[in-house]
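> The hints should help you fit chain R onto chain L, whose structure is shown.
Next come the chains, spelled out residue by residue.
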Amino acid sequence: MATLTTPAGGAATTDRSGRSAGRHAGRRRARLDRRRLVPYLMLLPALALELLVHLVPMLYGCWMSLLRLTQFYIRNWSAAPFAGLGNYRASIDVNGAIGGDLLHSFGVTLAFTVLSVGLSWLLGTTAAVLTQHPFRGRGALRTLFLTPYALPVYAAVITWSFLLQRDTGMVNHVLVDQLHLAGDRPFWLIGGNSFGALLAVSVWRSWPFAFLCLTAGLQNVPGELYEAAAVDGAGFGRQLRGITLPMLRPVNQVLVLVLFLWTFNDFNTPYVLFGKAAPRSADLISIHIYQSSFVTWNFGLGSAMSVLLLLFLLVVTGAYLLVTSRRGDA
Amino acid sequence: MREPAWLPWARRIVLSLLALFTLAPVYVMVTSALKPLNDVQGPFHWIPSRLTVRPFVDIWHTVPLGRYFLNSVVVAGTATVCSVVVAVFAAYAVSRYRFAGRRAFTVTVLSTQMFPGILFLLPLFVIYVNIGNLTGVELYASRTGLVITYLTFSLPFSIWMLVGYFDGIPRGLDESAAVDGAGPLRTLLRVVLPAALPGVVAVAVYAFMTAWGEVLFASVMTDDTSRTLPIGLQQYSTEHDVYWNQLMAASLVVSVPVVAGFLALQRHFVAGLTAGAVK
Numbered sequence: 001m002a003t004l005t006t007p008a009g010g011a012a013t014t015d016r017s018g019r020s021a022g023r024h025a026g027r028r029r030a031r032l033d034r035r036r037l038v039p040y041l042m043l044l045p046a047l048a049l050e051l052l053v054h055l056v057p058m059l060y061g062c063w064m065s066l067l068r069l070t071q072f073y074i075r076n077w078s079a080a081p082f083a084g085l086g087n088y089r090a091s092i093d094v095n096g097a098i099g100g101d102l103l104h105s106f107g108v109t110l111a112f113t114v115l116s117v118g119l120s121w122l123l124g125t126t127a128a129v130l131t132q133h134p135f136r137g138r139g140a141l142r143t144l145f146l147t148p149y150a151l152p153v154y155a156a157v158i159t160w161s162f163l164l165q166r167d168t169g170m171v172n173h174v175l176v177d178q179l180h181l182a183g184d185r186p187f188w189l190i191g192g193n194s195f196g197a198l199l200a201v202s203v204w205r206s207w208p209f210a211f212l213c214l215t216a217g218l219q220n221v222p223g224e225l226y227e228a229a230a231v232d233g234a235g236f237g238r239q240l241r242g243i244t245l246p247m248l249r250p251v252n253q254v255l256v257l258v259l260f261l262w263t264f265n266d267f268n269t270p271y272v273l274f275g276k277a278a279p280r281s282a283d284l285i286s287i288h289i290y291q292s293s294f295v296t297w298n299f300g301l302g303s304a305m306s307v308l309l310l311l312f313l314l315v316v317t318g319a320y321l322l323v324t325s326r327r328g329d330a
Numbered sequence: 331m332r333e334p335a336w337l338p339w340a341r342r343i344v345l346s347l348l349a350l351f352t353l354a355p356v357y358v359m360v361t362s363a364l365k366p367l368n369d370v371q372g373p374f375h376w377i378p379s380r381l382t383v384r385p386f387v388d389i390w391h392t393v394p395l396g397r398y399f400l401n402s403v404v405v406a407g408t409a410t411v412c413s414v415v416v417a418v419f420a421a422y423a424v425s426r427y428r429f430a431g432r433r434a435f436t437v438t439v440l441s442t443q444m445f446p447g448i449l450f451l452l453p454l455f456v457i458y459v460n461i462g463n464l465t466g467v468e469l470y471a472s473r474t475g476l477v478i479t480y481l482t483f484s485l486p487f488s489i490w491m492l493v494g495y496f497d498g499i500p501r502g503l504d505e506s507a508a509v510d511g512a513g514p515l516r517t518l519l520r521v522v523l524p525a526a527l528p529g530v531v532a533v534a535v536y537a538f539m540t541a542w543g544e545v546l547f548a549s550v551m552t553d554d555t556s557r558t559l560p561i562g563l564q565q566y567s568t569e570h571d572v573y574w575n576q577l578m579a580a581s582l583v584v585s586v587p588v589v590a591g592f593l594a595l596q597r598h599f600v601a602g603l604t605a606g607a608v609k
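Protein chains in written order, with my numbering: chain L, 1 to 330; chain R, 331 to 609.
Isolated chain L, as found in the complex (with noise of 0.2 Å):
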């Protein structure tokens, strides 16, 4: 705001003549919406690579979602039928195939990212609390627990999927061979339990980020509050359910919802976990529709489940968004 109220004024209201004056007018206001300019000259970069990259594509994604948009018309895209709203319908047509694998993967995403969100905020918060007064070795410790976020996720998610090899990985040996938990070596890669799986290799990867953001909105709570309510006989339930969960409020608020969208969206983990195809039990849903679009090379169904997905999106967050809001106003 400074700069647009820097003293340029005082010199022409002094001025003797008023031709001069208005001279000197005119240069101030040439200057003035020159500085008017500076913001939006600083925004132009990233204004034109969000607009490259994310918002013409994602209108461009809108169109071809309109397009019978298949093999055939791979060499030519421009040659491709209007389909109207035909791929929404088929998408969105809970009896036919395209539709009722559509939902299932819906279905199977919303629980993945329910629990993988709930699990990862939980142990970040036990262990922010746990870590926030000092202790020996509490520096190494809180190190020890941002590794998983600080490794690059195929690092990561291959090291998983070796842990997860049914004959020569290091989980069967210790459920099987260890603790004789089953008896039969359970695949974990294929089949039902890949569900389970996948959600272990989420909260693992993701859970250290929550650990991180609520440590350091820890550490903007003001330590006389711990000791007046010390002062007044709470003990530490009290303190953590009057203090510490009030004030992580405002972090929790962005918290859960970056993660809500980032598990929700994730490909990387299950693609890498996995392949390409992704076992029924664990089709997330941006593994789903990579499929639909690369594999059976049909661009806009995929592009219309895409949409529809966004939408979806859109319409969480902006209820979450309005819903936590209220409520922190009242």
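In short, the hints are calculated from the structure, not lab data.
Keep in mind that this is a model prediction, so the values were computed, not measured.
Mixed in with the good hints, there may be bad ones.
As the list claims (entries may be wrong) - Listed next, with one range per pair, are the computed distances between beta-carbon atoms: (1) L:Ala140 with R:Val387: 29 to 35 Å; (2) R:Val360 with L:Pro81: 51 to 57 Å; (3) R:Leu527 with L:Ala319: 37 to 43 Å; (4) R:Val459 with L:Leu110: 32 to 38 Å; (5) R:Asn463 with L:Gly118: 43 to 49 Å; (6) R:Leu350 with L:Leu110: 27 to 33 Å.
Virtual Cβ for every residue (Gly too), placed ideally from N, Cα, C.
Chain R in isolation, oriented as in the chain L frame:
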């Protein structure tokens, strides 16, 4: 703080379990990278019976890992530098100026964060191919295309974090610089940026990690010469064999730079989050 008697014990147990959960995969990654191929193809053992550094030598021959590594370094490094520069200017404008469209810009940029990647993957692919056909600028299957794509991935979060950081720097600094006759650019580079350095570092780390670990676009937008590590690593598994020891060694090698960088700079990262996100 007055603690109940059970709390120190609960803390020890819970934190130990969490440490175990966190560390076990890392332990397996490191030890398996030091095992001969026979040992990783048989039943799992916690303690390796034989140790060898062969996998760390072999990884460079089995797969052209050096080339993928170089591609990843160039792509992630360039994307990081560009992303930080672009984000600094945008964040400064949002933090210091009141202009028409300010709120619209912030909301638009932040909302791109929620787009499913799959939605714009294909259109972007088509746009890049068309730009190449029309102007001769190769974006598809080139490192340039990847750089442009990745740098926008980290932009929204970076801008958001930096706006918070800049907001925390007193305007008095800008004003006294303006009185001294410094223009907006000089003020930003000489006065505000140095004060916001930890935030800038945090944003750079975030941008690098984002570009280094991306899989989806790398799988579609690269060819043999521009291939980056996430896709290159898949080649350690053939139809018959998976070279798990080499795969673990390669995973370790590609992780060390980012993990070391992140852990070394984590304090700035937390400070940046505190200033930007946690408000």
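> Would you say the C-beta atoms of Val360 (chain R) and Pro81 (chain L) sit inside 51 to 57 Å of each other?
At roughly 56 Å between Cβ atoms, Pro81 (chain L) and Val360 (chain R) fall inside 51 to 57 Å, so the hint holds.
> Could you check the hint for me, namely that Leu527 (chain R) and Ala319 (chain L) are 37 to 43 Å apart, CB to CB?
Holds - the Cβ-Cβ distance for Leu527 (chain R) and Ala319 (chain L), about 39 Å, lies within 37 to 43 Å.
> Can you let me know if the beta-carbon spacing of Ala140 (chain L) and Val387 (chain R) is within 29 to 35 Å?
holds, 32 Å
> Looking only at beta-carbon atoms, does the pair Asn463 (chain R), Gly118 (chain L) fall within the given range of 43 to 49 Å?
holds, 48 Å
> Taking 27 to 33 Å as the hint, is the beta-carbon distance of Leu350 (chain R) and Leu110 (chain L) inside that range?
holds, 30 Å
> Should the hint that Val459 (chain R) and Leu110 (chain L) are 32 to 38 Å apart at their CB atoms be regarded as holding?
holds, 35 Å
Checked against the numbered hints given earlier, this structure breaks none of them.
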